[in-house]
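What follows is the residue order along each chain.
Protein chains: 2
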Amino acid sequence: MTYCVGIHVDAGLVLAADTRTSASFDDVRTHGKMHVFEKPGECVFVLMSAGNLATTQAVISALRRDIENPDAPFSLFKAKRLYEVADYIGRVLVANQAQVNKKAQHNSVSVEATLILGGQIAGGEAAVRLIYPLGNWINASPETPYLQIGESKYGKPILDRIIDRDTSLEDAARCALVSLDSTIRSNVSVGLPIDLAIIRDGELRVSQQVRIDEDTEFFADIREAWAEKLAAAVHTLPPFPWETTTGNA
Amino acid sequence: MTYCVGIHVDAGLVLAADTRTSASFDDVRTHGKMHVFEKPGECVFVLMSAGNLATTQAVISALRRDIENPDAPFSLFKAKRLYEVADYIGRVLVANQAQVNKKAQHNSVSVEATLILGGQIAGGEAAVRLIYPLGNWINASPETPYLQIGESKYGKPILDRIIDRDTSLEDAARCALVSLDSTIRSNVSVGLPIDLAIIRDGELRVSQQVRIDEDTEFFADIREAWAEKLAAAVHTLPPFPWETTTGNA
Numbered sequence: 000m001t002y003c004v005g006i007h008v009d010a011g012l013v014l015a016a017d018t019r020t021s022a023s024f025d026d027v028r029t030h031g032k033m034h035v036f037e038k039p040g041e042c043v044f045v046l047m048s049a050g051n052l053a054t055t056q057a058v059i060s061a062l063r064r065d066i067e068n069p070d071a072p073f074s075l076f077k078a079k080r081l082y083e084v085a086d087y088i089g090r091v092l093v094a095n096q097a098q099v100n101k102k103a104q105h106n107s108v109s110v111e112a113t114l115i116l117g118g119q120i121a122g123g124e125a126a127v128r129l130i131y132p133l134g135n136w137i138n139a140s141p142e143t144p145y146l147q148i149g150e151s152k153y154g155k156p157i158l159d160r161i162i163d164r165d166t167s168l169e170d171a172a173r174c175a176l177v178s179l180d181s182t183i184r185s186n187v188s189v190g191l192p193i194d195l196a197i198i199r200d201g202e203l204r205v206s207q208q209v210r211i212d213e214d215t216e217f218f219a220d221i222r223e224a225w226a227e228k229l230a231a232a233v234h235t236l237p238p239f240p241w242e243t244t245t246g247n248a
Numbered sequence: 000m001t002y003c004v005g006i007h008v009d010a011g012l013v014l015a016a017d018t019r020t021s022a023s024f025d026d027v028r029t030h031g032k033m034h035v036f037e038k039p040g041e042c043v044f045v046l047m048s049a050g051n052l053a054t055t056q057a058v059i060s061a062l063r064r065d066i067e068n069p070d071a072p073f074s075l076f077k078a079k080r081l082y083e084v085a086d087y088i089g090r091v092l093v094a095n096q097a098q099v100n101k102k103a104q105h106n107s108v109s110v111e112a113t114l115i116l117g118g119q120i121a122g123g124e125a126a127v128r129l130i131y132p133l134g135n136w137i138n139a140s141p142e143t144p145y146l147q148i149g150e151s152k153y154g155k156p157i158l159d160r161i162i163d164r165d166t167s168l169e170d171a172a173r174c175a176l177v178s179l180d181s182t183i184r185s186n187v188s189v190g191l192p193i194d195l196a197i198i199r200d201g202e203l204r205v206s207q208q209v210r211i212d213e214d215t216e217f218f219a220d221i222r223e224a225w226a227e228k229l230a231a232a233v234h235t236l237p238p239f240p241w242e243t244t245t246g247n248a
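Chains P and U, in that order, are what the protein sequence lines are.
The numbering of the first sequence is numbering that gives the first Met the number 0, which starts it at 0 and goes up by one.
The numbering of the second sequence is numbering that gives the first Met the number 0, which starts it at 0 and goes up by one.
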């Protein structure tokens with residue numbers, strides 16, 4: 000499995016992805032699921048993937064091939080609007096899935112992949128989009144400022160409670176790390192290291208990008224602080240009525 | 000859907016269940032999923048259910064019928080050991096599912112149910128057991144001190160971080176409420192009110208039982224305090240390296 004989250008706040012975008020892939024319990028590996036395409040000052044795109052790894056790697060290769068080919072009818076760097084980019088990636092995704100499916104019609108392996116695209120093009124607004132296996136997509140919005148793919152349930156409550164459009168980029172990033180960390184603790188199919196990218200609105204490049212592992216000092220600090228704060232929060236919640244009346248507290 | 004959790008700590012048991020049932024999005028109702036059977040001083044059992052509501056209501060009726068029938072070969076109040084109770088409930092569950100399935104072989108509705116049993120019999124230890132649709136069951140253990148049924152993922156991280164066998168009963172109960180509340184906020188198929196029961200080890204009765212709704216004062220206090228503490232926890236996590244070097248914090 001996988002867990003990726005893309006957050007859109009007023010100050011910009013936060014993208015975070017785990018790196019664990021598993022074909023089965025005895026075939027667990029580490030593969031990056033975050034792919035950055037940028038032309039600083041002109042455009043920046045971060046793509047994260049869940050689902051069939053061969054499909055997503057084929058999609059990424061196709062996107063890079065089009066960038067390198069000046070004769071390609073379209074590429075990420077030729078786009079004028081972000082919706083064109085989502086449509087284009089959707090088409091590439093559908094074409095790749097169809098090509099593999101044609102060869103193996105009676106195989107039960109799903110070749111589908113789901114993607115999250117975060118990015119901005121000069122003159123346009125930043126956005127986070129979830130691209131479905133059918134090639135269609137939805138936007139993050141002020142009411143739903145984040146989108147998730149993969150094992151999304153464990154890490155959803157913390158996002159639901161914290162993330163608003165006016166959350167600061169760094170708080171959103173800390174929240175994404177807590178969301179990932181909670182998922183990693185509760186589900187073995189999601190694992191370290193974590194890839195984290197921050198795109199400040201208008202900077203038109205990846206402002207911060209880090210790969211975070213167990214020995215990444217600030218992550219160890221955040222993990223430890225979170226565990227302590229959460230335990231303290233539970234211990235200091237208001238008492239039940241019977242605790243105050245019976246002195247059981 | 001449903002979300003129920005049973006927690007076994009040294010001091011006793013905490014059982015918590017939501018009350019939302021849904022046959023479809025336009026058939027959402029409130030039904031209790033927590034059922035108490037007790038003979039104070041002799042034995043106490045709390046049963047919680049997820050899955051087909053008709054099946055679980057049939058099981059509960061059968062259990063009550065056996066209690067009321069002095070000639071029944073076995074009943075909850077005739078049991079000497081808790082494993083007998085789990086086996087017996089498992090048999091009743093399997094028999095009920097089989098009976099309905101026999102009548103409707105080509106119907107796609109699942110008549111399966113999954114149960115959590117918490118209880119204690121005089122002279123024995125308290126325990127929490129998860130009874131599967133096949134009638135077999137597993138125990139909570141010192142390493143895995145809680146068991147969940149239904150929509151279990153949203154509320155799992157908080158349990159994984161907090162619950163140990165030496166957690167106090169009231170902290171475990173607060174943690175269960177936070178786990179339920181997080182699930183309710185993130186998934187519309189789980190809803191208020193919440194049924195909460197606490198069984199103190201050796202008391203052989205339900206020590207505390209409450210139905211908690213939005214206007215239950217201590218729950219509103221816990222909810223509000225939790226939201227505040229969580230937000231404060233995120234805001235006071237350690238800074239990223241670039242915040243301290245660039246003064247962005």
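One thing to keep in mind: the hints can contain errors.
Put simply, identical chains are the same to the list, so a pair is met inside one copy or across any two.
[Stated by the list, open to error] SDA-like mimics (lysine to any residue), calculated; alpha carbons at most 25 Å apart, straight line: (1) Lys228 - Asp9; (2) Lys228 - Val27; (3) Lys228 - Arg160; (4) Lys228 - Asp165; (5) Lys38 - Trp241; (6) Lys102 - Trp241; (7) Lys102 - Ala121; (8) Lys228 - Glu142; (9) Lys228 - Pro141; (10) Lys38 - Ala61; (11) Lys38 - Asp70; (12) Lys228 - Glu169; (13) Lys102 - Arg64; (14) Lys79 - Asp212; (15) Lys101 - Pro69; (16) Lys79 - Ser60; (17) Lys79 - Gly122; (18) Lys102 - Ala10; (19) Lys228 - Glu242.
To be clear, the hints were calculated from the coordinates, so they are not data collected in a lab.
How the hints compare with the structure:
no. : hint            : in the structure
1   : Lys228 - Asp9   : between (27 Å within a copy, 24 Å between copies)
2   : Lys228 - Val27  : neither (32 Å within a copy, 37 Å between copies)
3   : Lys228 - Arg160 : both (16 Å within a copy, 11 Å between copies)
4   : Lys228 - Asp165 : both (23 Å within a copy, 19 Å between copies)
5   : Lys38 - Trp241  : between (63 Å within a copy, 22 Å between copies)
6   : Lys102 - Trp241 : neither (66 Å within a copy, 48 Å between copies)
7   : Lys102 - Ala121 : neither (41 Å within a copy, 65 Å between copies)
8   : Lys228 - Glu142 : between (28 Å within a copy, 23 Å between copies)
9   : Lys228 - Pro141 : between (29 Å within a copy, 24 Å between copies)
10  : Lys38 - Ala61   : within (18 Å within a copy, 69 Å between copies)
11  : Lys38 - Asp70   : within (18 Å within a copy, 82 Å between copies)
12  : Lys228 - Glu169 : both (18 Å within a copy, 18 Å between copies)
13  : Lys102 - Arg64  : within (23 Å within a copy, 59 Å between copies)
14  : Lys79 - Asp212  : neither (36 Å within a copy, 51 Å between copies)
15  : Lys101 - Pro69  : neither (30 Å within a copy, 66 Å between copies)
16  : Lys79 - Ser60   : within (21 Å within a copy, 66 Å between copies)
17  : Lys79 - Gly122  : within (9 Å within a copy, 76 Å between copies)
18  : Lys102 - Ala10  : neither (45 Å within a copy, 60 Å between copies)
19  : Lys228 - Glu242 : both (23 Å within a copy, 21 Å between copies)
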